[in-house]
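Take these sequences, add in the hints, and give me the full structure.
Residue numbers (my numbering), protein chains in the order written: chain A, 1 to 326; chain B, 1 to 339; chain C, 1 to 503.
No wet-lab data here; the hints were simulated from the structure.
There is no bait here: all hints are sound.
Okay, derived cross-link-like pairs now, PhoX-like style, lysine-lysine, Cα gap no bigger than 25 Å in a straight line:
hint	chain 1	residue 1	chain 2	residue 2
1	B	K205	C	K136
2	B	K205	C	K121
3	B	K205	C	K75
4	C	K75	B	K231
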Amino acid sequence: MKKNIVFLAAAAAISLALAGCSAGGSDAGDAAADTDKPYIALVSKGFQHQFWQAVKSGAESKAAELGVTVTFDGPASETEVDSQLQMLQAAIDKKPDAIGYAALDPEACVSLMDAAKTASIPVVQFDAGCNSDYPLSIAKTDSLGAGALAADHMAELIGGKGEVAIVGHSQINSTGVERRDGFVEQMEAEYPDITIVDIQYGDGDHLKSADIAKAMIAAHPDLKGLYGTNEGSAIGIVNAVGELGLDAGELTVIGFDSGQAQIDAITNGLMAGAITQNPIGIGEATVQAAFDAINGETPEKVIDTGYFWFDKTNMEDAEIAAVLYK
Amino acid sequence: MNATPVTDQTRVGGGTPEPRRSATSFLRAQIQQSLAFATLVVLLVFFSFASSNFFTWSNISGILLSTAVIGILALGTTFVIITGGIDLSIGTGMTLAAVMTGIFLVNLELPLMVGVIGGILTGGLMGFINGFNIAILRLPPFIATLAMMLIAQGLALVISGVRPIYFSSVVGFKDIALGFVIPGLPNAVLILFVLAILAYVLLSKTLLGRYTFAIGSNEEATRLSGVDTRKWKIVIYTVAGLFTGVAGVVIGARLDSAQPQLGTGYELQAIAAVIIGGTSLLGGRGSILGTLIGALIMSVLINGLRIMSIQTEWQNVVIGVVILIAVFTDALRQRRAAS
Amino acid sequence: MSNQLLRVTGISKSFPGVQALKDVQFELDRGEVLALVGENGAGKSSLMKILSGIYIKDEGSIFLDGVEVDIDSPKTAQALGISIIHQEMNLMAHLTIAQNIFIGREPREGLFLRERALNRKADELLKRLGINLDPKALVETLTVAKQQMVEIAKALSFDAKVLIMDEPTSALTDVETETLFTLIEGLKRTGTGVIYISHRMDELRRITDRVTVLRDGEYIGTLQKEQLDIPTIIEMMVGRHIEESARPTARDRANNEVVLKVEGLNTRQLLKDISFELKRGEILGFAGMMGAGRTEVARAIIGADLSEGGRVHINGKPVKIKRPSDAVAHGIGYLSEDRKAYGLLLEQDVNTNVLLASLRDYTDALGFVHTMKGKQKSREYVASLRIKTPSISATTKNLSGGNQQKVVIAKWLARDCDILIFDEPTRGIDVGAKEEIYKLLNDLVAAGKSIIMISSELPEVLRLSHRIVVMANGRITGILDNEDANQAKIMDYATRMGDEKDL
Numbered sequence: 001m002k003k004n005i006v007f008l009a010a011a012a013a014i015s016l017a018l019a020g021c022s023a024g025g026s027d028a029g030d031a032a033a034d035t036d037k038p039y040i041a042l043v044s045k046g047f048q049h050q051f052w053q054a055v056k057s058g059a060e061s062k063a064a065e066l067g068v069t070v071t072f073d074g075p076a077s078e079t080e081v082d083s084q085l086q087m088l089q090a091a092i093d094k095k096p097d098a099i100g101y102a103a104l105d106p107e108a109c110v111s112l113m114d115a116a117k118t119a120s121i122p123v124v125q126f127d128a129g130c131n132s133d134y135p136l137s138i139a140k141t142d143s144l145g146a147g148a149l150a151a152d153h154m155a156e157l158i159g160g161k162g163e164v165a166i167v168g169h170s171q172i173n174s175t176g177v178e179r180r181d182g183f184v185e186q187m188e189a190e191y192p193d194i195t196i197v198d199i200q201y202g203d204g205d206h207l208k209s210a211d212i213a214k215a216m217i218a219a220h221p222d223l224k225g226l227y228g229t230n231e232g233s234a235i236g237i238v239n240a241v242g243e244l245g246l247d248a249g250e251l252t253v254i255g256f257d258s259g260q261a262q263i264d265a266i267t268n269g270l271m272a273g274a275i276t277q278n279p280i281g282i283g284e285a286t287v288q289a290a291f292d293a294i295n296g297e298t299p300e301k302v303i304d305t306g307y308f309w310f311d312k313t314n315m316e317d318a319e320i321a322a323v324l325y326k
Numbered sequence: 001m002n003a004t005p006v007t008d009q010t011r012v013g014g015g016t017p018e019p020r021r022s023a024t025s026f027l028r029a030q031i032q033q034s035l036a037f038a039t040l041v042v043l044l045v046f047f048s049f050a051s052s053n054f055f056t057w058s059n060i061s062g063i064l065l066s067t068a069v070i071g072i073l074a075l076g077t078t079f080v081i082i083t084g085g086i087d088l089s090i091g092t093g094m095t096l097a098a099v100m101t102g103i104f105l106v107n108l109e110l111p112l113m114v115g116v117i118g119g120i121l122t123g124g125l126m127g128f129i130n131g132f133n134i135a136i137l138r139l140p141p142f143i144a145t146l147a148m149m150l151i152a153q154g155l156a157l158v159i160s161g162v163r164p165i166y167f168s169s170v171v172g173f174k175d176i177a178l179g180f181v182i183p184g185l186p187n188a189v190l191i192l193f194v195l196a197i198l199a200y201v202l203l204s205k206t207l208l209g210r211y212t213f214a215i216g217s218n219e220e221a222t223r224l225s226g227v228d229t230r231k232w233k234i235v236i237y238t239v240a241g242l243f244t245g246v247a248g249v250v251i252g253a254r255l256d257s258a259q260p261q262l263g264t265g266y267e268l269q270a271i272a273a274v275i276i277g278g279t280s281l282l283g284g285r286g287s288i289l290g291t292l293i294g295a296l297i298m299s300v301l302i303n304g305l306r307i308m309s310i311q312t313e314w315q316n317v318v319i320g321v322v323i324l325i326a327v328f329t330d331a332l333r334q335r336r337a338a339s
Numbered sequence: 001m002s003n004q005l006l007r008v009t010g011i012s013k014s015f016p017g018v019q020a021l022k023d024v025q026f027e028l029d030r031g032e033v034l035a036l037v038g039e040n041g042a043g044k045s046s047l048m049k050i051l052s053g054i055y056i057k058d059e060g061s062i063f064l065d066g067v068e069v070d071i072d073s074p075k076t077a078q079a080l081g082i083s084i085i086h087q088e089m090n091l092m093a094h095l096t097i098a099q100n101i102f103i104g105r106e107p108r109e110g111l112f113l114r115e116r117a118l119n120r121k122a123d124e125l126l127k128r129l130g131i132n133l134d135p136k137a138l139v140e141t142l143t144v145a146k147q148q149m150v151e152i153a154k155a156l157s158f159d160a161k162v163l164i165m166d167e168p169t170s171a172l173t174d175v176e177t178e179t180l181f182t183l184i185e186g187l188k189r190t191g192t193g194v195i196y197i198s199h200r201m202d203e204l205r206r207i208t209d210r211v212t213v214l215r216d217g218e219y220i221g222t223l224q225k226e227q228l229d230i231p232t233i234i235e236m237m238v239g240r241h242i243e244e245s246a247r248p249t250a251r252d253r254a255n256n257e258v259v260l261k262v263e264g265l266n267t268r269q270l271l272k273d274i275s276f277e278l279k280r281g282e283i284l285g286f287a288g289m290m291g292a293g294r295t296e297v298a299r300a301i302i303g304a305d306l307s308e309g310g311r312v313h314i315n316g317k318p319v320k321i322k323r324p325s326d327a328v329a330h331g332i333g334y335l336s337e338d339r340k341a342y343g344l345l346l347e348q349d350v351n352t353n354v355l356l357a358s359l360r361d362y363t364d365a366l367g368f369v370h371t372m373k374g375k376q377k378s379r380e381y382v383a384s385l386r387i388k389t390p391s392i393s394a395t396t397k398n399l400s401g402g403n404q405q406k407v408v409i410a411k412w413l414a415r416d417c418d419i420l421i422f423d424e425p426t427r428g429i430d431v432g433a434k435e436e437i438y439k440l441l442n443d444l445v446a447a448g449k450s451i452i453m454i455s456s457e458l459p460e461v462l463r464l465s466h467r468i469v470v471m472a473n474g475r476i477t478g479i480l481d482n483e484d485a486n487q488a489k490i491m492d493y494a495t496r497m498g499d500e501k502d503l
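Next up, the structure:
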């Protein structure tokens, strides 16, 4: 019974994802009929998180600027490797002028990269790459570096010593792993007096992450800081701190990405600051690279779209405000 | 929809009948509950010894708070499972109710009470549609509620514009979950307990409860006795939907936002809590107290493992094993009672 | 005022492909017991379902107290004072007796149930009816017979003008049947009309005032009490003459070898020192009251229940039977009294049911089932046992009781069982089909099979068994040769509750 439920739930989620895909496909059909405009199919890791919505808006504004058509698909959750591959297959079948792809799993996509090669469709990547030689470029954040930057700020804020813990969003996909590893490695290398006492994963689910953070705070009364590796994890920590009634600053919270709730938390002091990527820039760079490839130019192999520390002091700066999303 | 005889008809193959059950199910329910209760106590004692930070009021109140959402969902779905049905739409239904609450309060700026009631009624409406599809269109509960699970998930995303709705502008909303009517006890926990009492009264003292057991026990016989089983099934699913609606308001208040992508997986946790609490998936047997204890077992276990810094991967393994043990001991006890 | 309570005329009802009832009529007076008889499929159940509002008639009229009524739901029927006791048990196992009796009519105070008032009402009702049961007991803890008493109490709780009883005694012991008859006598005095459906011919003369016979959905005729003659009724029912065959004698099989020998079998709950022998080609009848332990003996032999200290020999060799699969491996097949629950997959087709126990014979080393070969075998059994079914792919649920029983028999024959244990082989089966089952049992033993037959109907035991084992209170109180046995003697042994034993 249980197995059936899980299976059907999975099947349901896939079919929902496919429904999203076919909706995108119909747009593409219209676009393909419009032979004047080049068509770029973007297959993302997801579409529900604000981060992906920001990537999408960056891609769309760049597309308008360059006079190309883009479609943007992604599975319902970032665990659905299989349904994402089906979307990629469908994108290849539509024979676009170029494909932009963000790999959920670096190995599973290799055979489809070969298929794209056979079909002579140039591929550019964003956010996370595939272990294949075929894609021309990747526009992404240096997640290891971003994690290390978070560690530097954490160390500074807690005075270089004490216990900290991490609420991760995934122990599998590359952003989750690298944001964690960048943080952990930097702490080990530079701050010997800081101990990372616990790392647990809440799948980016706000409620689950809040409960995890509360358990960590209960288990480690001397805890000085908590680091959340994505928006859901970070908001979970903020909720936990709020529910426990801790005073602002009693525990140093560092988040990742932006969104209204994190911006509010930084404003009111519950969160010390966060690392933001440049999702709009990722979207823009991806479409630009695809456009270059269509026109026979070779885009840069790795396009680092950058990451920034932001807190109460610099949130209003033009450079930062431009990459934050609400 | 066929008449099931009083004896268990699930056994196949000739020549291997089970003897008639001899122990009373009342007694069995008591034993299951005390068994579940004993499990809960054992877990509490074990974790208290394993970590000195476990048995603190702050952590216990954290456990209770983390039980609230799953617990409220489990209370409603207990009714459905006792009828022999299942409701898979409670997880994403909860999310849709939260999103609708957001629409009412944030976008339409309706008064707090109106928005909250609107959110709860959203859940009730989904439950009503489930009940209609199951009782009138005669769809199997599994299929009808699976469809509703997808519809609710999709609508939550569409209506919210794939964006969280923040309640920070709504004065007092957060207090629904995190305020304190009783000092030290978050309101979400209070709501869980009040609903548990309400569910207990509904199930054991009213016609609704009586017919819930009757339908799960032998639906055809209940119908032939002149009970309008179609009407009552709609009522039962609607009640479950109302509980889902309350869960939606509570999770919205706790996160101070409606997160449209949440929800899947919550239904399985709620169903697991109901089963651990001794309610039979075959229908006819179950109790609210059991469900409450089942939900507490789940959250104590998860919290305890987290406190002990057990790796997330292994936490899932342990929870799975506990569910197996719970269902197995139940089956074992029934076999004992039978022989 | 006329004494007529109920008049039914010109009732027709058809289902897709079947004309269930054609222009049927009958009348029922106040304080009268009318028996409605006919083979299974004759239309009795359909007619009763129309009266109780479960089916809606196509044509015809129903007059209650001289007024035409329209019965469109079970609720309407109940409101009009027409109550039915279904043949199938229709109780909610997980509810108490009181909750079952008053389901749909619970005493309430606003939203809340008044459990105490409910139990009091149920207690009063049970006392009035002379049924000694605790209204707070859960139905699942009751024996079949007691559940039946609850069904009756439930039907009578409606202050019924017309009470329909569909085979009420099929699960009752003689003592319980007597209690029921006393109940019916009481109802007659209060003016209640009773429609009584039964396959037990001996009961008809005992309690009915008139008998109406149906056959193939049509009205055949009505006999007054003084005209009641069982062979005539049976002829009207089946449309042909049935011959009574001679009783078998133990002498016929006296020198046959013993195929099954049981010694000193005990169970913790009930059985004490059970020992007997079964000979090749013999039907060994097991008689006794309900609860005497006959079914328990069968279940202990086949390993369905735990037994202690017993020795079982098959064809002279000692065997260990720990579970039913061991019994099947040794060629023992058990046909449960409750074939719908334990004997058949009702939703599956005839073919699947026939082959269920022997599927391995039609499966090759790779695990593929050879369907054609299996279907061929099924068809052979359908033909040789004269199972009335449109085809072997018909759903078993749609077969009559007798034909379902034959499907179970076919299943064990296909498995090549030499020893067959029949538990109430003709329960719920009408007279014509009973004859066929009897003939089948005789054919089986003639072909060298050996049969243990548990039956609560003494005429059946006497008619078929070479020897008769009588049980009481978990012990064997006597083993009689058929030529020495009669009903009185069997009843004598069956009521010996003490330790006395007379072999």
